[in-house]
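Protein chains in written order, with full-length UniProt numbering: chain F, 1 to 686; chain D, 1 to 686.
Bear in mind the hints are in silico, worked out from the structure with no lab data behind them.
Source: prediction; values computed, not measured.
Any given hint could be a false lead.
[Said to hold, decoys possible] No farther apart than 35 angstroms at their CA atoms in a straight line, the calculated lysine-lysine pairs in the DSBU-like style are these:
hint: 1; chain 1: F; residue 1: K549; chain 2: D; residue 2: K148
hint: 2; chain 1: F; residue 1: K185; chain 2: D; residue 2: K78
hint: 3; chain 1: D; residue 1: K620; chain 2: F; residue 2: K620
[Unchecked claim] Quick look at which bits of chain F chain D covers, simulated, 3 or more residues with Cβ under 8 angstroms:
hint: 4; segment: 145–152
hint: 5; segment: 353–362
hint: 6; segment: 423–429
hint: 7; segment: 449–463
hint: 8; segment: 468–477
[As the list claims (entries may be wrong)] Here are some of the chain F residues that sit facing chain D, going by a computed Cβ distance under 8 angstroms:
hint: 9; residue: G317
hint: 10; residue: A331
hint: 11; residue: S333
hint: 12; residue: Q337
hint: 13; residue: H341
hint: 14; residue: G495
Glycine included, each C-beta is placed from N, C-alpha and C at the ideal position.
Spelled out, the chains give:
There are 2 protein chains.
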Amino acid sequence: MNVEVRDPLVLFMPSGKRGRFPIGTSVLDAARQLGVYVESVCGGRATCGRCQIEVQEGNFAKHKIISSLEHISPKGPKEDRYERVRGLPEGRRLSCSATVQGDLVVDVPQDTVINAQVVRKAAVDRHIERNPAVQLCYVEVDEPDMHKPLGDLDRLKHVLEKDWGWKDLLTTPHLIPQVQGILRKENWGVTVAIHRDTETSQPVIIAMWPGLKNEAYGIACDIGSTTIAMHLVSLLSGRIVASSGASNPQIRFGEDLMSRVSYVMMNPDGREAMTKAVREAVNTLIGKVCEEGGIDRHDILDSVFVANPIMHHLFLGIDPTELGQAPFALAVSGALQYWAHEIDLDLNQGARLYTLPCIAGHVGADAAGATLSEGPYRQDKMMLLVDVGTNAEIILGNRARVVAASSPTGPAFEGAEISGGQRAAPGAIERVRIDPDTLEPRFRVIGVDKWSDESGFEEAVGAVGVTGICGSAIIEVVAEMYLAGIISEDGVVDGEMAARSPRVFQDGRTFSYLLREGEPRLVITQRDVRAIQLAKAALYAGVKLLMEKQGVDHVDMIRFAGAFGSFIDPKYAMVLGLIPDCDLAEVKAVGNASGTGALMALLNRGHRREIEDEVHRIEKIETALEPHFQQIFIDAMALPNKVDPFPKLAEAVKLPPRKVLAEAETGEATPRRRSREERAARRGRA
Amino acid sequence: MNVEVRDPLVLFMPSGKRGRFPIGTSVLDAARQLGVYVESVCGGRATCGRCQIEVQEGNFAKHKIISSLEHISPKGPKEDRYERVRGLPEGRRLSCSATVQGDLVVDVPQDTVINAQVVRKAAVDRHIERNPAVQLCYVEVDEPDMHKPLGDLDRLKHVLEKDWGWKDLLTTPHLIPQVQGILRKENWGVTVAIHRDTETSQPVIIAMWPGLKNEAYGIACDIGSTTIAMHLVSLLSGRIVASSGASNPQIRFGEDLMSRVSYVMMNPDGREAMTKAVREAVNTLIGKVCEEGGIDRHDILDSVFVANPIMHHLFLGIDPTELGQAPFALAVSGALQYWAHEIDLDLNQGARLYTLPCIAGHVGADAAGATLSEGPYRQDKMMLLVDVGTNAEIILGNRARVVAASSPTGPAFEGAEISGGQRAAPGAIERVRIDPDTLEPRFRVIGVDKWSDESGFEEAVGAVGVTGICGSAIIEVVAEMYLAGIISEDGVVDGEMAARSPRVFQDGRTFSYLLREGEPRLVITQRDVRAIQLAKAALYAGVKLLMEKQGVDHVDMIRFAGAFGSFIDPKYAMVLGLIPDCDLAEVKAVGNASGTGALMALLNRGHRREIEDEVHRIEKIETALEPHFQQIFIDAMALPNKVDPFPKLAEAVKLPPRKVLAEAETGEATPRRRSREERAARRGRA
């Protein structure tokens, strides 16, 4: 009988990659041969502890593997020594020392923490496979030899090729005068950081330390018009060390993007001042996350930035004026590579900086980050991804095709242009319900648990008081007014309701709804409703145009990116017709998806190539140039829409009977309203 | 009968490359297909005029080509326009417009000058095939398009790929904010400079101009301990625009290299001060060559530097202390790439800087430059290449093998340590002859045509007077003293000769030779002769060791690099036994070969790879570690040598009969002399 003896089978989790390896192969080598990323700084000396793995014991019938601790070699002297000196958690092994002795299921843990620092809860609830652009490599360099007079740096490069396979290494100039000292300090043992991003780029030694350096960090940053958000993360484990945010100090030059562009146009040093301001703010925020994480900012070796096009240009020192007028020409749209010091960032002197590509003149690197994070192009379902701010970025697509556009929603969703509107802050109303029978409202305020009709509410509100209405509540109050029949589907506040409740009252030539008596007195006016209608119609019209481009009459899933998306209730957004009809279970807020995309690009350079390629494929639609944009916009002024059905919404929410009020009934002169709507439509196209 | 019709044959000169091309092929395309480097900035628009060629008419029997002006297309409208507007020399054609119509012999001229500047005589008498690391490319960029919202820079890269084949282009960060303005200034026509050195390096856009930019420059620089030499050259034609030199201001920190290393060791800011001094001197010299050439320093886009190891390190900001003691460890030996601004050079902001590799701790990038220039490894003959300074670099080899060493000759050859010695300058004696019968000398002085025994000499010398003896004359006077029998083969001034002429006279315990009465009185003392013997023995011993390594008893050719080599008479050098026996016709001075090597590396990046590869192959011999160095050194103290025959020299020069004077006869105590020689031998090893 002929019994075939086969090499042991090793399965790595969570990647699921598997292969057969001769007995005696180190688990680290097995992982590398399969392309499973297991970190190792010390190059198999069992000193860095980065290459930890865990054997899963048991009969894995699905994989036909019986995995056992008997199938991995016992700890040898080097691993014993590491365990004794540095400690090794129960069940953990060093994959550089442990060898394959039989079939194995090997778990590559994502939480390998070497230094005794506080482990924080991941700010991003997602497993990002690591393949960073920066790698640490420890080597021991030959001493100088008169007979082979290679320079210190040259012998270092030689051993980096021999031990790690690095060829044609460049060196950042600032390190060259330091090589002698660093090599001699720890007896020719040295750790270098090597940066290599694309396959066509030459690898570069960007940092160097005497002896074993066992940690390196990166930052992922989203520069928004109002807020700058940042993650500080270990490049060696992927662990998020700190996450924080700060205000964009450019606000002092102008609240919104266009006013900042105007500032540049009006002031000779305006661009420079704004560039300086945002770079300083980023540096300050770096200091903040480093302090939180208890790390030295000079241990940061890589950084990834996303931003909207105007912030992107200003951060990089580019005049954004062209972005303020057609054809909205970006100075640069592709991904960019910098030394961080070229952008005045105070990190390690050799730290790198990468910016994600911009999709179009109004759809920036932040939208590219969100696209990378949510990945409409990675799936078959039709995904709508929207990031609502004063400008809404809209991405719609699936594996086959992705289209993108932006819509000028204006600041209404952020509480501006609304009587009683304010930014989300303690004291702001964030939730509103209106009783359809009594038309009485109840609401909740940021920072207070109770609803306004619950006992103890006023005491709980206390000194802060109720100060205004934030964006999410504006959506809800208009939607609830519609559901209660206070406004018609055309958005007219129905004067006849004044007979049913004193909360509806004549307010000049139109009617208003009294949300709260007191100081301040909070009223929803006809003008407020119109502002919301204009904003939501602009957004919906953009979405609708993209749906037409895709040839679909519905979307399968909706993702709300950004702070606004995190606070609004998808149901009310749909009642308003801000987003198209969709199964409510498939509508989700994804938080700062742009920042998550930046983090992905930081931890895995494969994601950089992925989004660079994808941005080339994405079709950009300039909504203003579409001939029927105006009609779509006008239809979208209605609640939820003049022409589009909302069957899934109707299943979830009891929509009011259709009530169309002729505008004349409200006392408004038709011609003036019409022309205002037309102006708005034109504004949507500008 | 079957007549085969073949495509026309085109032969390019001076490269000799040839090939057949279909009728109608542009001559530029034909050249490119054969790998003949013909410049073109405008990309075939017939506007830059860089691609000029000349048709050689006639029957080239050797090549079986009948070349005729009938075999090239007549000038078309674009070429006519260029000729009308910019002028085209008689016989010249634009190869981008002219097409092949029959067999052709095409001359690619090396002197194509586009701008009306003074054409200078080439400082380097050599044809260097051009293949520079920097290339200018003119393109016309698409205007921005809302439907395809690629950024300005991205559209520029797109057309650079389409028109010129550049892929994966990077851009220097300082250009990114300028792209918008530059593209719009000349209606989207732009010239970019692209740098690509090695095959593995990613090409980078380093400079950018609106419209057609039709000139770019480079500098090649040799930083010597005492002198900095520089060529300014057109990267587009290879034409040398200016060549100049300046003193190395580091002299104020120490005359020779070792005293500068001491200065670094003794002074905390010594390294920094010397780095600053040499960089400032280089910047000043750049200003000087630019002024001479009438060009703007910001049009310089590339630079190549050579230097001895200590100058190399100091220029790059590296502490040279390690080079002052065994094992003479270089911080870096390989070729290096910088941005010129990283070395504080004031050139174009995107200019590059390349340094040639160092061969060993005492054999620097300057020796590598000389090796590249003279190319022992490019031929079958055994070539000895020496560069004599206070340290002599010695390269010996041929195609099969090259070995290198350095010898500490000391400053005697430069006139130091010699009574009456001085640097080469007006007033210094540069040539000496001694009548073997009368022992009367005659000499020539720098700046004066007449010999000292010719009438009118004293008038011609005039106010400057005769001030001292420079290095070349020291060689000659000692050699002539030997030929005249004044000194023995052991270098002893023969006291018996005092009886024949009052010019030989007792001078303390030894005898001296009176070269010139007057002020100053110039005397050659026994001590002077010994100093020359020590220096020449150190050099010869190094050469001899390398010959032993090569297993040869003679060399086929000798090349003297450096200023010293340009002034000495090879015959006298050989009489002294400074160099080994060789056919005198094969001994040549090659001037600043290091600088020529730098120029070659500037104009052709192929030469960079060539010398990088060659330096890896060169075997470095540390003469001090060779066990019989001392014996070889002592044998080399004799004139021309104690043991080595000089048959070729004997054919050319009447050598005196052997005369060995016991040292005791001179009145010197043997033990003291011996120990001094031994000390010298040890010094040679240190």
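Do the hints match the structure? See the list:
no., hint, result
1, K549(F) <-> K148(D), "holds (16 angstroms)"
2, K185(F) <-> K78(D), "violated (66 angstroms)"
3, K620(D) <-> K620(F), "violated (62 angstroms)"
4, 145–152, "holds (count 8)"
5, 353–362, "holds (count 4)"
6, 423–429, "violated (count 0)"
7, 449–463, "violated (count 0)"
8, 468–477, "violated (count 0)"
9, G317, "holds (5 angstroms)"
10, A331, "holds (5 angstroms)"
11, S333, "holds (3 angstroms)"
12, Q337, "holds (7 angstroms)"
13, H341, "violated (10 angstroms)"
14, G495, "violated (44 angstroms)"
Comparing the model with each numbered hint stated earlier shows that hints 2, 3, 6, 7, 8, 13 and 14 do not hold.
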